[in-house]
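Since chain A is already given, all that's left is putting chain B on it; use the hints.
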Amino acid sequence: MVDRIADPWGPRTPYGPGERWPVRVDTFLADGHTEADVHRWVPSASILHSNGDAMDIAVVDDRIVGVRGRAGDRINHGRVDPKDLYGWQANHSPDRLRRPLVREGDRLVETDWDTAMGRIVARSKELLDGPGGWGHFGFYTSGQLFLEEYYTLGVIGKAGIGTPHMDGNTRLCTATAAAALKASFGTDGQPGSYTDVDHCDAIALWGHNVAETQTVLWMRMLDRRRGPNPPAMLAVDPRATPVAREADVHLALRNGTNQALLNGLLREVIHRGWYDEDYVEAHTLGFEKLCQVVEDYPVAKVADICDLKAADIERAAELLGRSERLLSTVLQGFYQSNQATAASCQVNNLHLIRGMLGRPGAGLYQMNGQPTAQNNRECGADGDLPGLRNWANEEHIAELARLWNVEVDKIPHWAPPTHAMQIFRYAEQGSIKLLWISATNPAVSLPDLARIRRILANPELFVVVQDLFLTETAELADVVLPAATWGEKTGTFTSVDRTVHISDKAVEPPGEARPDLDIFLDYARRMDFRDRDGKPLITWTGPEEVFEAWKECSRGRPCDYTAITYDKLRTGGVQWPCTDEHPDGTERLYTDGVFNTDPDYCESYGHDLATGAELLPGEYRAKQPGGRAFLHATPYQPSPEVPSDEFPLLLTTGRTVYQFHTRTKTGRATQLVHAAPESWVEVNPADADRLGVAEGDLLRIESPRGAVRARARICGVRPGVLFVPFHYGYWDAADGAAPGEGRHDRAANELTITAWDPVSKQPIFKVAAVRVVKEADSDGRPAPAPTVGGSAPPEGSGIPATVGGPAAEAPSRGE
Amino acid sequence: MHLAHYLGLLHKAQERLGDAFTEVGKAHAEEPDVFHTCEKLATQCRAHAEKLAPFARRYAEEAPAEPDRLHSELFAGTRTGPIGLLRDLQDLYLMAAECDICWTVVGQAAYGARDEDLLGVVKACEQETAMQLKWLRTRMKQAAPQALVVAE
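Sequences listed follow chains A and B, in order.
Per the UniProt record's numbering, numbering of the first sequence is gapless, rising by one per residue and ending at 815.
Per the UniProt record's numbering, numbering of the second sequence is gapless, rising by one per residue and ending at 152.
Just so you know, these hints were derived from the structure itself, not from any lab.
Treat each hint with caution, since some may be false.
What the hints assert, rightly or not - List of simulated lysine-lysine pairs, DSBU-like, C-alpha gap at most 30 Å:
#1 B/K40 <-> A/K301
#2 B/K40 <-> A/K289
#3 A/K125 <-> B/K141
#4 B/K26 <-> B/K141
#5 A/K410 <-> B/K134
#6 A/K568 <-> A/K505
Claimed, not checked - Computed list of chain B residues with no C-beta within reach of chain A, every gap over 10 Å:
#7 G8
#8 E23
#9 A49
#10 A53
#11 V105
C-beta atoms are modelled at their ideal positions from N, C-alpha and C, and glycine is treated no differently.
Same shape as in the complex, but just chain A (with noise of 0.2 Å):
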């Protein structure tokens, strides 16, 4: 047995390069149960981040006692990660919404399907009479639902209403992933696969926490790094997390430089001459302009923007550019960061000067931190297009409405789709008059709550949310539809490695709680959306026509589906692309060399990194990519926030290993409850020193924006950066407060900054300047942080281990 609080990466399978990762199936049946008296075994992945684990849900009596990991999918070998483990009990939790609420007056009640639904039909059809009417939409979606549920929520906005107002909270999560891309190499897909982890020599780590966010993919390179000829590891972050412990260099740079760093290591590749003469040549465009502009940074100057050691960064430009097959994969470090995708993109030329794409081993993860938030960038409920297509083609937006069966002009293409952003703010002005939020919790996760709060709560503003629980969100709404969620519906979703899992209904949802998909076309029935010969625009009735219908729009794409089934996935995931000619799928991409750069087939024209300005097509064309990918060179820039006399420190914000977004499911589990019951705030011995506060002291933590408290825990973050998790919103506050109305000093984003990045639009969410006042002594207790993860106290603290007991008691097993 594995408490897998205590070790939520559990035992070691040391493998060596080149061969198969062992399977080591992890489960956690509660209530007594055992396998032996499952009824059911159901297929389906994780839903509490990107990893796409497969796992097969235990039923007994109707009703989810567990979970497995499949043996034998391609991802995970068996393994699950301990939110997977233990948060699916969330499903089961009392205050689970069961029947839809509408507002009357300054409360909430219960209602039916009938009334709640009418409301939202009554008010859109008033809003889409009259010239510009689809300008009083916005859609806020998720990157937790399944492609079947993007894809009918995409048709409804863009060829139903016909507005560009439509994002998901992959804005916040994986916009960067997708717009360095695109940059690129011309269109959104992952390059490489998960299988470059067997094959590695080298391992980097940029801004990415990997052992808390994927811890999957965390046990798969540490079971590389304990077996024979292990890869080296660099790791750049702010904290001393899992992985920068792990590494044999940690840069742990100062918040808001990537751009300088990657400029500095870049340099330093090219002057050594460790770069591919002949890939550089043959596949890319722009070397002489990245030269150009890397060679005002050599490493001293680097060493000082970004406070590091000069001898560090020689010595991660060493790791990077002798090894001959380097991993890398980037996360929120870089995404949530100053010039977001410009320095993603620096990441893209490493690999790119190197060679090191299309190969095993050389392998590249612009990652995700949701489930499926691929699939809302595949299926256009975000800000981009169905089949990653560019709205500035206008073939392309024929291609939408000849599939539709619609004008091309409904079709919202003279300018690029909405971003989460600007939804809000035109949210703020008062012409969109309606907001339709589905399975995300923006009253918590977005920048400067308190500004969010008094959008949300303009009487003038109608909003509709789609959840499973009265979030912080859903309790400012005029209209709360209850979702059925995970194991209570059929669907699929796609994970970073481009790998399809199909995820299938287990029990009944509860109460008169709906499958998001039934929810969207019950509201397309409602407003009787028609196509261009008065059908229906919408056909579908299930999950598996939708499925079917989302495979001809990627026909031909990137992203091409058309050889993949239900039945297939039943058996287990399947690589995009997916064709009559490669039926199993495709492990990487760009084995030979040739990107989706084609002017007709790239999914974007391009951005200057700087400032954001669009690239037209006729020069997109004058470039004559013929195939080659783009190596981006921009120099580097301060953050449009740094500190002050009066804001001194920076704050940066990020997750924990035991808790996913807000808390909505993860915080209704008992062993991830108690394993991170209350925020924290993390302080580097010196600067605990210096403000003369010790281990579990209150700390109110100040920006421009608000105020937090929180409890000090003094360990490995830089000195002058705090850092806060950013799950805890106010659902479960200790003084009851509710959104609207009482304290707000809990959630992270209280004090984060509303600024965005230029290209992908990706909030700033790790570059705040605050400043910071004891408030209490600690009366001996520690900060109420995990001693697992970047939170751990260093050695001989004295603090208790953090520990889940026997309630936490999971088996793994061997082949």
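Just chain B now, with coordinates in the frame of chain A:
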């Protein structure tokens, strides 16, 4: 040689554009991308003006009196609201366009004067001005439908 007059014109235009970027950014600070980008571009404009200053001084020594009506006024303060934002960005666009064509004119003169140093400055700066125009166009394209058709 009249080059000094055009250098002066461009120098002044860059300074005014920098000030206008700052002013427009502050006036529309509730559009954070406009605010932050305008700040960056204002700094860029001022750097352009600084790079031009020594050339303006040098050529001034050889210049006759400044001709009439050389300078024109393109910006007279900011506005508010979504349409105000569009109009303000449009003012910036026209001012940047003036700089853009001035760079071309001064660049041609630099060729004529065989002034490699000046040509180097022109080549570096005109690209940044071109990008400013592109950004302004991008931002206006994004804002126009909502401001002109949807907003009340």
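We went through each hint and held it up to the structure:
For the hint linking B/K40 to A/K301, the alpha-carbon distance of about 22 Å falls within 30 Å, and the restraint holds. Our distance criterion of 30 Å between C-alpha atoms is met by B/K40 and A/K289, whose separation comes to about 21 Å. At roughly 27 Å between alpha-carbon atoms, A/K125 and B/K141 fall within 30 Å of each other, so this suggested pair holds. With a CA separation close to 21 Å, the supplied pair B/K26 and B/K141 stays within the 30 Å bound.
Using a Cα cut-off of 30 Å, the hinted pair A/K410 and B/K134 holds, with the two alpha carbons roughly 27 Å apart. Note on A/K568 and A/K505: the hinted pairing holds, with a Cα-Cα distance of about 17 Å set against a maximum of 30 Å. Distance to chain A confirms B/G8 as a non-interface residue, since its nearest Cβ pair spans about 28 Å, more than 10 Å. The Cβ of B/E23 sits about 18 Å from the closest Cβ of chain A, beyond the 10 Å cut-off, so the non-interface label holds.
Its beta-carbon lying about 19 Å from the closest one in chain A, B/A49 satisfies the requirement of being farther than 10 Å from that chain. Look at B/A53: its CB is around 22 Å from the nearest CB on chain A, clear of 10 Å, so calling it non-interface holds up. Even its closest Cβ contact with chain A, about 23 Å, leaves B/V105 beyond 10 Å, as expected for a residue assigned away from the interface.
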